Amino acid sequence: MSEIETFYDVMRRQGITRRSFMKYCSLTAAALGLGPAYVPKIAEAMETKPRTPVIWIHGLECTCCSESFIRSAHPLAKDVVLSMISLDYDDTLMAAAGHQAEAALMDTIEKYKGNYILAVEGNPPLNEDGMYCIVGGKPFVEQLKMAAENAKAIISWGACASYGCVQAASPNPTRATPVHKVILDKPIIKVPGCPPIAEVMTGVITYMLTFDRMPELDRQGRPQMFYSQRIHDKCYRRPHFDAGQFVEHWDDENARKGYCLYKMGCKGPTTYNACSTIMWNDGTSFPIKSGHGCIGCSEEGFWDQGGFYNRLTSINQFGIEENADKVGMVAAGVVAGGVAVHAAVSALKRAQKKSQDKVED
Amino acid sequence: MSDATIHTPNPNAPHPMEAARLTGDATAADIESIRKRTSVYVYEAPVRLWHWINAAAILVLVVTGYFIGSPPPSMQIGEAYQQFVFGYIRFAHFAAAQILTVGFFFRLYWAFVGNHHSKQMFYLPIFNRRWWSEVFFELRWYMFLEKEPKKYVGHNPLAQTAMFFFITLGLTFMMATGWALYAEGAGKGSLPDLAMGWLLGLVGNSQKLHTLHHLGMWAIVIFMIVHIYAAIREDIMSRQSIVSTMISGHRTFKDDRVE
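So the sequences go chain by chain: C and D. In this text, residue positions in the first sequence follow this note's numbering: the first is 3, and each later residue adds one. In this text, residue positions in the second sequence follow this note's numbering: the first is 13, and each later residue adds one.
These aren't lab readings, by the way, just hints derived from the structure by calculation. Remember, it's a predicted structure, so these values are computed and weren't measured experimentally. Hints may be right or wrong, so weigh each one.
As the list claims (entries may be wrong) - Chain D is faced by these chain C residues, among others (derived, beta-carbon under 8 angstroms):
no.	residue
1	THR8
2	TYR10
3	ARG14
4	GLN16
5	LEU29
6	LYS147
7	GLN222
8	SER230
9	GLY246
10	ARG258
11	GLY267
12	GLU301
13	GLU302
14	VAL329
What the hints assert, rightly or not - No more than 25 angstroms apart at the CA atoms, straight line, and that leaves these computed lysine to aspartate or glutamate pairs for DMTMM-like:
no.	chain 1	residue 1	chain 2	residue 2
15	C	LYS351	D	ASP205
16	C	LYS360	D	ASP205
17	C	LYS351	D	GLU271
18	C	LYS265	C	GLU250
19	C	LYS183	C	ASP244
20	C	LYS351	D	GLU91
21	C	LYS265	D	ASP267
22	C	LYS355	C	GLU324
23	C	LYS355	D	ASP205
24	C	LYS265	C	GLU324
25	C	LYS355	D	ASP268
26	D	LYS220	C	GLU250
27	D	LYS159	D	GLU91
28	C	LYS356	D	GLU271
29	C	LYS355	D	GLU91
30	C	LYS360	D	ASP247
31	D	LYS159	C	GLU250
32	C	LYS356	D	ASP267
33	D	LYS220	D	ASP205
34	C	LYS351	D	ASP268
35	C	LYS360	D	GLU91
What the hints assert, rightly or not - Derived Cβ-Cβ restraints for the label pairs, each shown as a range:
no.	chain 1	residue 1	chain 2	residue 2	range
36	C	TYR238	D	GLY213	49 to 55 angstroms
37	D	ILE111	C	ALA39	42 to 48 angstroms
38	C	LEU186	D	MET258	51 to 57 angstroms
39	C	GLY339	D	MET258	24 to 30 angstroms
40	C	GLU255	D	GLY197	39 to 45 angstroms
Every residue, glycine too, gets a C-beta built ideally from N, C-alpha and C.
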């Protein structure tokens with residue numbers, strides 16, 4: 003593998019100074035939650051290790067993951083990781099097209115057999131033999147299976163690859179299926195979000211390239227360092243939640259004061275992501291900071307959890323726009339009514355029996 | 013109904029309280045006790061204490077749980093750092109839940125060391141056809157199709173079924189889902205997470221777990237309505253004491269007929 007250049011070589015070729023390179027290493031260490039002692043280790047790994055190639059394929063998706071990725075706040079992260087990836091295969095970002103692009107994919111797979119990381123954006127639809135998503139004249143599911151066969155590990159970018167996202171929302175007409183339900187024999191890292199945060203994406207790739215191993219994953223296969231806490235746990239509006247100060251309407255005084263959006267259907271309490279700490283667009287803002295609740299885009303089946311603006315999930319089995327409270331109240335009301343009627347009949351029966359007993363006496 | 017009593021030796025009388033003995037509800041010792049005293053010590057002090065602590069915990073859990081799902085109107089007592097309204101509501105919910113959990117495990121323990129009746133809530137003799145016919149008998153009593161209910165020492169078969177589904181299984185479901193949700197805030201590696209965090213991984217989106225937990229609350233509310241109504245109604249209309257039994261522990265009978 004000696005002919006493969008190191009990360010450092012790639013960076014220097016991109017015109018990045020050593021000083022900037024060291025800055026990048028420090029920032030990456032900080033983003034990954036590592037101590038200062040790791041900075042030289044990251045630098046050393048990037049200087050000496052041959053870079054791991056990444057193949058980036060696109061299934062049923064909207065390219066918002068790619069859009070997020072190329073907006074990675076730290077320009078270095080973008081330059082470095084993006085240039086490394088586009089060197090191999092990414093049909094959205096690469097210069098090649100058509101047969102050339104497909105040839106590039108085959109070349110990369112052949113050359114780095116068992117060594118490359120496969121990044122999947124979007125998912126394969128399985129209905130009609132996968133005909134709902136065609137790449138290079140073949141169903142995407144075939145490309146996915148072929149590329150996965152020789153991959154070292156797979157990254158599922160975004161809600162599509164991780165959970166299915168909008169195309170898998172009920173009733174899921176194309177049977178869009180998340181990657182981990184199609185590829186069963188490879189280690190898969192889910193990086194959910196619609197899209198995932200750019201720094202999270204570059205952070206995951208950098209971690210894997212630097213340390214040559216998978217980041218620590220949680221029960222659902224998400225990297226712990228970014229997905230171990232809820233938006234709610236680190237939300238700057240949390241004190242208002244604990245105080246019981248909520249936005250009641252979008253245009254009320256509480257909204258202007260920046261109170262908690264819990265009642266407006268904010269899904270922060272059930273959403274695992276790093277938005278409230280890393281934020282978006284170079285740490286500028288995130289939905290809650292701009293006055294809109296979290297829609298829970300990095301959670302499984304977030305399209306099917308009722309309205310984005312309702313606290314309680316609607317339960318459509320009981321009719322459109324019902325929620326647990328409405329269903330429960332109706333059920334409790336019917337039972338209470340039944341009990342009242344039953345009590346009345348019981349009393350009548352008892353009175354009847356008493357008068358009968360009297361007659362018999 | 014025969015006029016035979018169970019107080020006087022009566023070899024021709026049928027086996028007393030046959031239906032109640034089916035589920036182990038009336039033991040030989042119970043019947044002996046009725047012969048002498050017409051009251052049976054059914055609910056031991058720990059069971060009674062558990063019942064009322066459990067009832068109080070459920071009451072707190074239902075009220076606070078409803079508010080957690082649908083918060084009360086915003087309050088402006090002071091700045092956010094000066095008030096902790098929703099925090100206290102959640103604290104009460106979590107504290108009551110911990111008491112309920114400890115109580116439930118204690119009650120489970122008591123089923124092993126307590127008297128015969130303390131076990132009745134935890135199993136259903138579903139493979140016994142006679143038991144089923146007694147469930148339907150009790151149902152018919154509630155549908156006004158039977159003139160008179162039978163005598164029971166502990167739970168009647170229908171009550172036993174309700175206890176089993178709403179308390180034994182129902183509370184288990186609420187504790188499992190509740191502790192899984194609590195694990196989200198307690199964090200990875202915490203005790204609740206180690207105990208119930210697997211449920212979060214299984215369900216995927218914990219919003220679903222919130223909804224299930226919420227529906228569970230309404231199931232318990234419905235149980236409460238039926239339970240309190242049935243207890244009062246039976247106290248008036250059945251042939252034994254009900255409400256006072258959960259206070260004194262003694263079941264007294266209003267007549268001395270055999271069945």
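Hint numbers the structure violates, sorted upward? Hint check: 1, 2, 3, 4, 5, 6, 10, 11, 15, 16, 19, 20, 21, 22, 23, 27, 29, 31, 35, 36 and 40 fail, others pass.
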